[in-house]
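Put chain B on the given structure of chain A with help from the hints.
Protein chains: 2
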Amino acid sequence: MQFHHNGYVSADPRIQPAAGVGTNRPEQLPDEMDVLIVGAGPAGIITAAQLSAFPGVHTRIIDRRPGRLEIGQADGIQSRTVETFQAFGFAERITAEAYIIKETTFWNPDPQDPGRIIRTDRTADDPSGVSEFPHLVVNQARVIDYFAEFAANSAARTVPDYGWELKDLVVEEDDDYPVKATLIGCAEDNSGVERVIRAKYAVGADGARSNVRRSIGAKLSGDKANHAWGVMDTLALTDFPDVRTKCAIHSSAGSILLIPREGGQLFRLYVDLGEVPVDNGGHVRQTPLEEIIQRAQAILKPYTLNVKDVAWHSVYEVGHRLTDRFDDVPLDQVGARDPRVFIAGDACHTHSAKAGQGMNVSMQDGFNLAWKLGYVLSGRAPESLLRSYSAERTVIAKDLIDFDKKWSSIMAASPEDLEGQEGVAEFYVRTAEFPAGFMTEYAPSELTGSNEHQELALGFPIGKRFRSAEVMRVADANPKHLGHHHRADGRYRIYVFADQQPVGQSKRLAELSSWLMESDRSPIVRFTAPGEDIDALFDVKVVYQQDYRQLDINDAPQIFRPNVGKFGLMDYEKVYTTLGSPDVFDDRQISRDGAIVIVRPDMYVANILPLEARSELTAFFEPILLQQV
Amino acid sequence: MQFHHNGYVSADPRIQPAAGVGTNRPEQLPDEMDVLIVGAGPAGIITAAQLSAFPGVHTRIIDRRPGRLEIGQADGIQSRTVETFQAFGFAERITAEAYIIKETTFWNPDPQDPGRIIRTDRTADDPSGVSEFPHLVVNQARVIDYFAEFAANSAARTVPDYGWELKDLVVEEDDDYPVKATLIGCAEDNSGVERVIRAKYAVGADGARSNVRRSIGAKLSGDKANHAWGVMDTLALTDFPDVRTKCAIHSSAGSILLIPREGGQLFRLYVDLGEVPVDNGGHVRQTPLEEIIQRAQAILKPYTLNVKDVAWHSVYEVGHRLTDRFDDVPLDQVGARDPRVFIAGDACHTHSAKAGQGMNVSMQDGFNLAWKLGYVLSGRAPESLLRSYSAERTVIAKDLIDFDKKWSSIMAASPEDLEGQEGVAEFYVRTAEFPAGFMTEYAPSELTGSNEHQELALGFPIGKRFRSAEVMRVADANPKHLGHHHRADGRYRIYVFADQQPVGQSKRLAELSSWLMESDRSPIVRFTAPGEDIDALFDVKVVYQQDYRQLDINDAPQIFRPNVGKFGLMDYEKVYTTLGSPDVFDDRQISRDGAIVIVRPDMYVANILPLEARSELTAFFEPILLQQV
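Each protein sequence line maps, in turn, to chains A and B.
Numbers 1 to 629, taken from my numbering, label the letters of the first sequence in order.
Numbers 1 to 629, taken from my numbering, label the letters of the second sequence in order.
Hints are not guaranteed to be accurate.
No distinction is drawn between identical chains; accordingly, a pair holds when it is met within one copy or between any pair of copies.
[As the list claims (entries may be wrong)] Below, computed lysine-lysine pairings styled on DSBU-like, alpha-carbon distance capped at 35 Å:
#, residue 1, residue 2
1, Lys406, Lys180
2, Lys167, Lys180
3, Lys566, Lys102
4, Lys507, Lys566
5, Lys507, Lys308
6, Lys405, Lys200
7, Lys566, Lys219
The hints are simulated quantities; they were obtained by calculation from the structure and are not laboratory data.
Bound conformation, chain A alone:
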């Protein structure tokens, strides 16, 4: 966390000085804005939070609720999502209040006495150690709280406008604010009031029954039938020993997925209610709580379950459905025009809750979209950048639906069905990286390089999220996770892994630094606006191979210790070395001849290039960004 550099900050340094729209933000929802976000759920609020890092962009987020969400359905937080929380500065705080999943146990009928369940397997939650972050369970209401706090503390001072529901919207391209949205008031003081507001862009994060999706004519398709299960957040006395461990339970009386919840006592039971016939007509949703409890008691035998309190319960009935596109450009016009309206989260994809994926993928939708909107509206990027959102995220959504189909069918299968096939535990371990959120891999595109130079850093697969590693910060001898300094500030990261030359004598590094700082072909020179700090758009860091005690930080080339801010002070937090043990060069298979790793604002590896790359650097950013000088 960097502060004080423009003068002393007395209070919480997490509260940014107000700037841009933060200094003159209208308290009431105005008639015109840059971005209208519909829905302050996980997809909407991360979009608002990320956009709040662009204080020149006027973002409003509406929600039909009268105030903050008090209790939400979703609670599974992938490691990838906790990485994302780190970028928004609240990973540690939310982890401290969350349940941390370390193990999953598997329960099945006792072969000796099939009326009783016994524990048959126990697996580590992250057997391959794919992330240094944990897998959490915490209510989505708290996730939203933290993003809302980030947005409110940002320079833009973004806060939700509660009590407005979107009725519909249309796009009128000839207007300066082409998106015309009709809202209906639904709070006490505006109930039934109809208002028309206009925005440059709109984001529909308004859930499975999205009015934005309907307005842009996108279609959901997928399963005809739904699968139902009863869910309850339970406080109970039980002698079932794994009530504080995630469990997949299959018994002759049905199946349960048990998820311990935060706080030490509460746990969630997903009790399978089976496939719902198409002609059920919502009948399954009438299943009384008592019946769900009785089913759970039968499944858990020989253990007892004495329910003391049910904080929340519901009967879910959901099918696997996917929208055909994530924006308002009909499929036959893709590539021919730029989008104005986007949809994200449940508005795009619905599926079972059992793999703990929904909220996570929804947030990555918003994270993917928001920086692109920020760039376009700040004049940093052409409007065509926005085409990449639907292109990138539809693929991810399809993978999600496919994975969830497999997992739900395995969870729904009876013990006999599974005989001779891959078991629940085996499937769980084999596929662990997917539900942890790390299988997202964007295909080569304008934003994502080809694999031409992938071999220079095999541990940073291009198109996948940048996997952090521990390194030594030279200036203060503090070991730091390189990736944890990637804040959700809308900047690209350029990590330069040095060659083996003594620091200060590496000609290749010195020349790269000079070129980046001075050449009119340098992306930094071209795309950083006059008057901005040299690291306003590109945060360039170096990692040397030497022991940190052998370095004088003043020998590092200038680009790695820029003078910034009001006083032109040197930034000391861009020069690193390997720790030696562990060695980032070994662990991430980085060439000892060095490499340049480019990471997008949403933390995905955009490209890998050799230290000599010049025209490649110019060419890579040319179609993405707009020249500023």
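Leaving out everything else, chain B in the frame of chain A:
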């Protein structure tokens, strides 16, 4: 963090439900209260924060400032203090915004060219690994903010009453509220207004010129002469390479202690201005900033220092002084009556700032005192418990003064003075445990057992702070630091380290559990009030030697899985095992036959006893606590 157990908590679980005085707290400073704390600096605010865990006690804290402290002088945070922050729930948050001291470098004149300094040594900050917590630098204003937040979020909803200064106080023992305090208003709306209020107890945390100390007739004694140094919080351009590392610099032009500050740019220079003659008459305090900067520039040669901004500067002139007592009982009446008024922090001890001790020892003063006040005012303990505060803390203050005298004289010595003696770096490493805050060792007393059974757990020295260790929480397979679950909730901890019997077959554990739960000689039975949860005063945890996978938590004796709260739910967070690697039994030299380790509310080891201890347990708590049934 445990919550939801009495029903669902929607918002931040760190905000406790209001209770006791929190439900009817007068907004304005009332005429009568249980505890009056004078001064909302570090010593005062931790006292208020800890007392806020006793919602039946009405605590008020006044300060002459009109609002929160904006910038404070102190900034050094010992590891022991970060442990304390953990108990108050904010160690992670403050660490995230602090500077972390990992190394100290030592600079001395170049023997080849004594007009230039060179780096001569580099030492790890915690060479012996005495704590898992770091050594921090962060402004005292932020420390106070976090304690104030804890107090405000506590059940008692304690908030400071700003704008009141204490004029004097007297004790009138025949009154129900014996402490009569005269205050003067010093905020805009009450300026000059005189008020008399009454309290059962008063705490003077009102600094080096304490009016409370004067009112109770305690005397400061110590050095006649003061030592002076110029201090400045600096933003500068410099080629001195260690400006982000703690440095002790001795040059032919004088000496500097350099402390990097939080935020990545600011650093503090302590520039030595030498011993102040007794007849100096404050002249040294007129030293202009320009002169301090020039001295610093001369000392740092051949490096340059181009000062861009000075956030704060001062000329300190401080001697080593210590009060004769920490309460209002004259030395010749000690043991004959109980105290009513206490002093803490700078009111008791003044010394140099260079060892980074002041704020830390002051907070431990308050932490030591507050739970005792809470116990007495809640009817848990006799008033005589309060005698232990002065008895325990005067010894610590004397050790502090002695240490600081040595460290300041070494820092003030010229390179020639030190020749042939132990060098600065050697002294620093040899004594590292003291400034880290871990040398406090309370002598045997009513509160602290003798060393009769110390050999059962040599790694937990009786009288020293409980040194945490990692163990496995059985219920959810989460590795946890045992000591990090010691919250500042005013409870004693009883850690039972089990013998090697299979869980559920250890007769010694089963018998201990039954005795603790049922015997009328059991401290739990005697001192827990009717209607309270069984762990309301004693938090009893067990650590087994087996692998956690061999345990069924339901085999642990009842005392380790009590039924608590509104629904009588089982607490799952009291049963642990060794991790295997590391093994707490090996690392803390705990007998394989088991041991009972008792830890006071302020985290110090109170006693160690064998698993068979019965009469010893009864006898140990008998003089400290009051029987409730």
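### Within, between, both or neither, where Lys507 and Lys566 count as close if Cα-Cα is 35 Å or less
within (31 Å within a copy, 70 Å between copies)
#### Entry: Copy assignment of Lys566 with Lys219, given that the CA separation must stay at most 35 Å
Classified as neither: same-chain Cα gap 51 Å, cross-chain 49 Å, threshold 35 Å.
#### Entry: Up to 35 Å CA-CA - Lys200 versus Lys405, copy category
Close neither inside one copy (37 Å) nor across copies (67 Å); limit 35 Å.
### Query
What label fits Lys406 with Lys180 when the C-alpha limit is 35 Å: within, between, both, or neither?
neither (41 Å within a copy, 74 Å between copies)
### Intra/inter-copy verdict for Lys507 and Lys308 if alpha-carbon distance must be at most 35 Å
Classified as between: cross-chain Cα gap 32 Å, same-chain 71 Å, threshold 35 Å.
### Task
Give the relationship of Lys566 and Lys102 under a CA distance limit of 35 Å: within one copy only, between copies only, both, or neither.
between (46 Å within a copy, 29 Å between copies)
### Message
Within a copy, between copies, both or neither: which one fits Lys167 and Lys180 at a CA-CA cutoff of 35 Å?
### Response
Intra 11 Å, inter 66 Å, cutoff 35 Å: intra-copy only.
Checked against the numbered hints above, the structure breaks hints 1, 6, 7 and satisfies the rest.
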